[in-house]
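Residue numbers (the working numbering), protein chains in the order written: chain A, 27 to 316; chain B, 56 to 363.
Bear in mind the hints are in silico, worked out from the structure with no lab data behind them. The beta carbon of each residue, even a glycine, is placed where N, CA and C say it ideally should be.
Cβ-Cβ distance ranges computed for the label pairs, FRET-style:
1) A:Thr290 to B:Asn74: 53 to 61 Å
2) B:Asp231 to A:Lys150: 32 to 40 Å
3) B:Asp112 to A:Ile305: 22 to 30 Å
4) A:Leu315 to B:His261: 16 to 24 Å
5) B:Pro159 to A:Ala73: 35 to 43 Å
6) A:Arg228 to B:Ser275: 49 to 57 Å
7) B:Asp69 to A:Val301: 27 to 35 Å
8) A:His39 to B:Phe67: 38 to 46 Å
9) A:Thr290 to B:Glu161: 49 to 57 Å
Heads up, simulated DSSO-like pairs for lysine-lysine below, C-alpha to C-alpha not over 27 Å straight-line:
10) B:Lys107 to A:Lys312
11) A:Lys150 to B:Lys129
12) B:Lys269 to B:Lys283
13) B:Lys107 to A:Lys150
Here are the chains, one letter per residue:
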Amino acid sequence: MTETINLERKSVHIPDEILKLRKEEGNSAIAFYLQLRKYLSGGFFWAVSLAGYLFPLILIVIYNRTTRDLSNLGFWKQALLLIFGGYFPYYAVIVPLVLATAAFRDDFNDQNIVYLFVKPVPRKKIYVFKLLAYVVASAVMTFPPLIGIIIVAYIASIQYDVGFNESVSVILLDSGLLLLGLLIIIVGYGIVFMSMSLVVKRPLLINLIIGFSAIFEAIFVDLINNEWEFPYIAINLISNWWVGFDSLNTFLIRNTFPNLSPMTGLIHALFISIVFLAIGLHRVSKKELY
Amino acid sequence: MFVEILNVSKWFGDVIALNDISLKLENGSIGLVGLNGAGKTTLIKILVGVLKPTEGDVFIQGEPIWENIDLYRKIGYCPEIDNQMDFLTGKKFVEANLELQGYPLESAAKLALQAITLVNMEKNMDRKIKGYSRGMRQRMKIAQAIAHDPEILFLDEPLQGLDPIGRHELTILFNDLASHGKNIIVSSHVLHELERISETVVFIDHGKILGLSKIEEIRSLLDEIPRKFYLRTSNNLDVAKTLITLGLISEVQMASDHLVIGIENPKEFSEQLPDVLEKTHTELIELRPVDESLEAVFNYIYRGRRND
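With the rest of the complex left out, here is chain A (with noise of 0.2 Å):
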């Protein structure tokens, strides 16, 4: 095919040959592109990969230095607990809150979002697929420090001779069990926030207390018990199908959290989805540009 565009003239002049490939309606997937490069482009995405990427490492070498011994397995064990039970849940909810909520807060603040709306694509697609990006933006933030303490800790039980005696096919079952836990947190709190960002005028601080109301049950209402809430409903899962993999078996506390059965757990996790999905679906087609 050889089109001859002519920039002599000073107008556009579509030739037919393209203008017969052009489609009824636009493609959505863009929006996607356009959210995940704007996401991968801001170095506090960068930063914050970062710090999530090291801060595992970093507090093994700390209770390393200060307390355990390496060969003792109780350090492996005590020191994923921290990192689990620790500090991930609230990472967990951290980047959902600020990539989920940023997804169309941001467009609207600047404006940006007009060249979404003001085009042949159905609005409900576009926050399809900025929700889509938001969920590999989150786990391209989240996943690799989960893996990567999978993958030290499997290491350092081989040398020391401690935990992990399981097959390799087991503990690839659990580490994917962990991820899919992850994934229920992120796919979940993504969809609450990122409609919530479009209901409130104040979004950030709204779904700060909304991710965090869990996190304050956990410390505050003898761990964590509410059993509509995402990262109650990811342990229980996890708790519930997990395999073998020893060490991380008593951070699990599989016999502390019997009370949710997986199918209870998931039809928690798809009703609240579906709800604020179907919240989200509809103010972004109401929703006006001021």
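With chain A fixed as given, assemble chain B onto it according to the hints.
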């Protein structure tokens, strides 16, 4: 008729931005002119469907615009905002907008190049928008608005931030687009800009439409409006004396190398000035209006209409 606005009002809380506006616009290039805060941007946002009127209806080519995404195939919009996807290169920005219009990437790349060339940005198109000047950003915004060859162009303060050459180039582009049958609605607070782009001018003030005038009428009105001019000649003193004697100027301020003169009747002044220069054996170096702001014209028209 390509735009029909019926009894449109828009409230932002307790503040009324548009107050019961009705307007029917025929094909062509239309200027929206009003002071900052008059309601131009609100009106354009309603016309492109990103704001919903609190009351009333808006139709573009006979169809309601709100939640009507099919109309966006026909619309190009250059918003007033300065920020635009800083993380992209200029070319990628225009390409992305074309893909959102339904063109596959390869075609989008060709059309983007065409539009970028029309706004003279091809040399800078591979740079990140982050490093662009305000004028360059403005050009790229216009490129994305025209790239898909829309039937209707909504341009909100499109010449803002451009240098005189840029203003001139883009004014010619807009005129060419209009001559190729595009309908253009362009807003500005500078009447002088619209004078060269629009066939018809709509005056907006405090959310109300004061009136609609053909550009010829505005031009003749400009000739009648008392105005101030910057005048620089080879003999400022003698010229000032003669102009006062002939009653052609109502006031004069002497500066070291120029005069600022108040003129009641610009048309009469322009007819008689050559004779004055000849009588005083003076060479004209520079003559330009110093208060050709919209405010001056607008106040004059508004005052006149209120007195009527």
